[in-house]
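Chemist: Keeping the supplied structure of chain A fixed, place chain B upon it in accordance with the hints.
Protein chains: 2
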Amino acid sequence: MARVTPLSGFPEWLPDGRVVEQHVLDVLRRTFELHGFAGIETRAVEPLDQLLRKGETSKEVYVLRRLQEEGDDVAVGDGGARSEKQLGLHFDLTVPFARYVLENAGRLAFPFKRYQIQKVWRGERPQEGRFREFVQADIDVVGAGDLPYHYEVELPLVMAEALGALREVGLPPVRVLVNNRKVAEGFYRGLGLGDVEGVLRQIDKLDKIGVEKVAELLVAEQGATPEQAAACLDLAAIHGSDTTVVDDVRKLAARYDAGTDLLETGLAELGALIEAAGARAPGVVVADLKIARGLDYYTGSVYETVLVGHEQLGSICSGGRYDTLASDGKNTYPGVGLSVGVSRLVSRVLSAGLMTATRGVPTAVLVAVTDEDSRAASDAVAAALRSRGVPTDVAPTAAKFGKQIKVADRRGIPFVWFPGEEHQVKDIRSGEQVAVDPATWTPPAEDLHPRVVAGE
Amino acid sequence: MARVTPLSGFPEWLPDGRVVEQHVLDVLRRTFELHGFAGIETRAVEPLDQLLRKGETSKEVYVLRRLQEEGDDVAVGDGGARSEKQLGLHFDLTVPFARYVLENAGRLAFPFKRYQIQKVWRGERPQEGRFREFVQADIDVVGAGDLPYHYEVELPLVMAEALGALREVGLPPVRVLVNNRKVAEGFYRGLGLGDVEGVLRQIDKLDKIGVEKVAELLVAEQGATPEQAAACLDLAAIHGSDTTVVDDVRKLAARYDAGTDLLETGLAELGALIEAAGARAPGVVVADLKIARGLDYYTGSVYETVLVGHEQLGSICSGGRYDTLASDGKNTYPGVGLSVGVSRLVSRVLSAGLMTATRGVPTAVLVAVTDEDSRAASDAVAAALRSRGVPTDVAPTAAKFGKQIKVADRRGIPFVWFPGEEHQVKDIRSGEQVAVDPATWTPPAEDLHPRVVAGE
Numbered sequence: 001m002a003r004v005t006p007l008s009g010f011p012e013w014l015p016d017g018r019v020v021e022q023h024v025l026d027v028l029r030r031t032f033e034l035h036g037f038a039g040i041e042t043r044a045v046e047p048l049d050q051l052l053r054k055g056e057t058s059k060e061v062y063v064l065r066r067l068q069e070e071g072d073d074v075a076v077g078d079g080g081a082r083s084e085k086q087l088g089l090h091f092d093l094t095v096p097f098a099r100y101v102l103e104n105a106g107r108l109a110f111p112f113k114r115y116q117i118q119k120v121w122r123g124e125r126p127q128e129g130r131f132r133e134f135v136q137a138d139i140d141v142v143g144a145g146d147l148p149y150h151y152e153v154e155l156p157l158v159m160a161e162a163l164g165a166l167r168e169v170g171l172p173p174v175r176v177l178v179n180n181r182k183v184a185e186g187f188y189r190g191l192g193l194g195d196v197e198g199v200l201r202q203i204d205k206l207d208k209i210g211v212e213k214v215a216e217l218l219v220a221e222q223g224a225t226p227e228q229a230a231a232c233l234d235l236a237a238i239h240g241s242d243t244t245v246v247d248d249v250r251k252l253a254a255r256y257d258a259g260t261d262l263l264e265t266g267l268a269e270l271g272a273l274i275e276a277a278g279a280r281a282p283g284v285v286v287a288d289l290k291i292a293r294g295l296d297y298y299t300g301s302v303y304e305t306v307l308v309g310h311e312q313l314g315s316i317c318s319g320g321r322y323d324t325l326a327s328d329g330k331n332t333y334p335g336v337g338l339s340v341g342v343s344r345l346v347s348r349v350l351s352a353g354l355m356t357a358t359r360g361v362p363t364a365v366l367v368a369v370t371d372e373d374s375r376a377a378s379d380a381v382a383a384a385l386r387s388r389g390v391p392t393d394v395a396p397t398a399a400k401f402g403k404q405i406k407v408a409d410r411r412g413i414p415f416v417w418f419p420g421e422e423h424q425v426k427d428i429r430s431g432e433q434v435a436v437d438p439a440t441w442t443p444p445a446e447d448l449h450p451r452v453v454a455g456e
Numbered sequence: 001m002a003r004v005t006p007l008s009g010f011p012e013w014l015p016d017g018r019v020v021e022q023h024v025l026d027v028l029r030r031t032f033e034l035h036g037f038a039g040i041e042t043r044a045v046e047p048l049d050q051l052l053r054k055g056e057t058s059k060e061v062y063v064l065r066r067l068q069e070e071g072d073d074v075a076v077g078d079g080g081a082r083s084e085k086q087l088g089l090h091f092d093l094t095v096p097f098a099r100y101v102l103e104n105a106g107r108l109a110f111p112f113k114r115y116q117i118q119k120v121w122r123g124e125r126p127q128e129g130r131f132r133e134f135v136q137a138d139i140d141v142v143g144a145g146d147l148p149y150h151y152e153v154e155l156p157l158v159m160a161e162a163l164g165a166l167r168e169v170g171l172p173p174v175r176v177l178v179n180n181r182k183v184a185e186g187f188y189r190g191l192g193l194g195d196v197e198g199v200l201r202q203i204d205k206l207d208k209i210g211v212e213k214v215a216e217l218l219v220a221e222q223g224a225t226p227e228q229a230a231a232c233l234d235l236a237a238i239h240g241s242d243t244t245v246v247d248d249v250r251k252l253a254a255r256y257d258a259g260t261d262l263l264e265t266g267l268a269e270l271g272a273l274i275e276a277a278g279a280r281a282p283g284v285v286v287a288d289l290k291i292a293r294g295l296d297y298y299t300g301s302v303y304e305t306v307l308v309g310h311e312q313l314g315s316i317c318s319g320g321r322y323d324t325l326a327s328d329g330k331n332t333y334p335g336v337g338l339s340v341g342v343s344r345l346v347s348r349v350l351s352a353g354l355m356t357a358t359r360g361v362p363t364a365v366l367v368a369v370t371d372e373d374s375r376a377a378s379d380a381v382a383a384a385l386r387s388r389g390v391p392t393d394v395a396p397t398a399a400k401f402g403k404q405i406k407v408a409d410r411r412g413i414p415f416v417w418f419p420g421e422e423h424q425v426k427d428i429r430s431g432e433q434v435a436v437d438p439a440t441w442t443p444p445a446e447d448l449h450p451r452v453v454a455g456e
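Protein chains in written order, with our numbering: chain A, 1 to 456; chain B, 1 to 456.
Among the hints, a few may not be true.
Intra- or inter-copy, both count: the list cannot distinguish identical chains.
To be verified - Pairs of lysine to aspartate or glutamate, EDC-like flavour, derived with a Cα cap of 20 Å:
(1) K119 <-> E133
(2) K85 <-> E124
(3) K251 <-> D261
(4) K85 <-> E133
(5) K403 <-> D146
(6) K400 <-> D146
(7) K119 <-> E41
(8) K119 <-> D92
(9) K85 <-> E12
Hints listed in this document are in silico derivations from the structure and should not be mistaken for laboratory results.
Chain A with its partners taken away, still in its complex shape (with noise of 0.2 Å):
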């Protein structure tokens, strides 16, 4: 094991990057628990037919074999029968959360609420922010049957409250970025294209090579005339964080005469979402027409989410409302969702030192050792502070005192307990030194655990 180098694509963290990464999954998990979702973890794996449904993604699935079965590539699975299943690892937390609740739907009481903080794998060429190994934390609710609408406006709520209160510990605020699949489709419909999805790929190439080759690309490739492909760039250009948005696509849809049920529905939907994010998180919603996000299956709401000021970085957290989560033959579950990216969000926080870690040990207190046959009482020192709930070291060895403090000085533990006649406490990054009660001291509450501060 001479020569270790590191795997592009799979990112890990040194231990002080780890506690940034634990703050901000445990702050995800609280803030989803006060919402009422229930955590659930699935396997990594699922067999490879489930995995290919979803078109698109299926050349990034990472296929599993045992070694055992070498040169034998169908076998893959429960035994290793040739008629076994071939298994692959999820690729995101949606595939195995709606096989999941079809497993289990007898036993879960819907609509059913979820969040789920786990690895996924993709064998994509990584890059700056798309790694092959990388955690998402999604929340989901999925009914049976049906799902009323308000929870389309809840969820990205719920996303912008807990991405909001990483801001206290250094985050950038975030941008929730929303549109409905509904009002795209409508005036579509309405202007006279059929090939909603086709026009969808179209406008979704908009950021990457602009207005007029798209323009082209809607007559060329989709079949409008210079007049729709115009209207379809006009619908795109529409944003804004209250509901003129919706009177903005009324006026346009009536100067094409391109209105419908359908976008009415859509507007009604989008503009409700507007108003209530503008009273329960103002400045944090905004509509932006022109966010498609895999359309084909979503058929409601819609999000991406920005850093504002690494907007460049792509979205940490998108979603979105589809009607058929999952589907058993007898019963339909209808869901909406939203997945943040974590190791996207760490990495970049990690690389542009948005966040800093006090420590990277969770250590407070490290107790000094006189020498190796009075260990015994350190042990019992770190024991009482432990008792207290104060995370606690010993002394790796009985060397001299001032090499015990460097001990503590390298981990960045804060103080340093010598036992004795009379115990002492240093706080070795103010020096001073009182006369402490084993019984009884505890640490500042601010040095106890180590804390993640904004950088600089």
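Modeler: This is chain B only, laid out in the frame that chain A set:
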């Protein structure tokens, strides 16, 4: 996705089972942090050649292949070039930790104490207590160049404390069985048996095939005389929770004239461990001279842990001391560590009903909705409760109140809140309903979060 069947060997829990598992993980994490272990997480994959260094488990490895590289058995790696390394899923957390230490040696402070709670994968045939995907919770201390013996005493005690902290929620007591490789090796060499690993391999079969068959094998396979075989079996029969064990071994060695310096070193270490454990965790640690545990790479203390009353489940927490966790040619990193088989533990605890969750949702309060037009008023009550840390949900629909109470009842949510001129809260277990102030009311502390309690 019409037919959904569970995959054997890939355990998943319903939400109330996950509450139990999460509690176990939270208690482990808290205990590890109290003892100064830093949390890290490593990627799920390692280069295949690294995974295969431990010969014994090589057949269990899951190898990864990117789907678009179908038919190309070699190229599973970074970018797909044929020269890239094949990757496999890690089968434990020790191999990845060793690699992490080498990769980051210059940026870690030694002795480095870390905990790591992650899934691992083994392509074994599934059976009770053996999974293909399972969660492990590991602690290790690793030194650069050397590592003091006292860590071999401390680490099993940390695990005993962590598992002991779960007794109040229904975990049976644990018994940590300890041995020391130097004792066995010193004794066998003193007897004149040179193939220490061979002897240990036979001794390891005691529980499966019994004393007589092992005696036969020691003679037939290891070339022992009947007297040497009897001596080995006498050693393996020694066990006890105080230092008389050390005396027993010394007497045995004198009887066979099998004393060696290595044996004395091992006995001193084992005695120190038993003594310290007797003082710090009375009755938990038992010396058991037949514990062998992959002694091909352990070099000092070895540990196994059984749940009292569930011994046939096998060890739920194992580990030991290894002089060479990792080596980069220049430096050697000795370590000592233990690993809790969390999935094995949780699976048993759930199937035997030893622990149950008071509810499967985090939600303490369900706010009823009088009619959809006043949903915002219910949302406001929920926001006020959440701001005080009360997990709160709002009813999915403005159904009749009786139906909304059923929504809470099905989920085990203890309180339903009725907003209005006068706000009221009903404890649906007792039926008691009282007028409350949304600005101040909180549920009793014991109802705030789901709790894990001992089963019947």
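Chemist: If a hint holds in the structure, say so; if it does not, say that too.
Modeler: Hints versus structure:
{"no.": "1", "hint": "K119 <-> E133", "verdict": "both (7 Å within a copy, 14 Å between copies)"}
{"no.": "2", "hint": "K85 <-> E124", "verdict": "between (24 Å within a copy, 16 Å between copies)"}
{"no.": "3", "hint": "K251 <-> D261", "verdict": "within (15 Å within a copy, 94 Å between copies)"}
{"no.": "4", "hint": "K85 <-> E133", "verdict": "between (23 Å within a copy, 16 Å between copies)"}
{"no.": "5", "hint": "K403 <-> D146", "verdict": "between (66 Å within a copy, 17 Å between copies)"}
{"no.": "6", "hint": "K400 <-> D146", "verdict": "between (70 Å within a copy, 18 Å between copies)"}
{"no.": "7", "hint": "K119 <-> E41", "verdict": "both (10 Å within a copy, 11 Å between copies)"}
{"no.": "8", "hint": "K119 <-> D92", "verdict": "both (8 Å within a copy, 17 Å between copies)"}
{"no.": "9", "hint": "K85 <-> E12", "verdict": "between (32 Å within a copy, 19 Å between copies)"}
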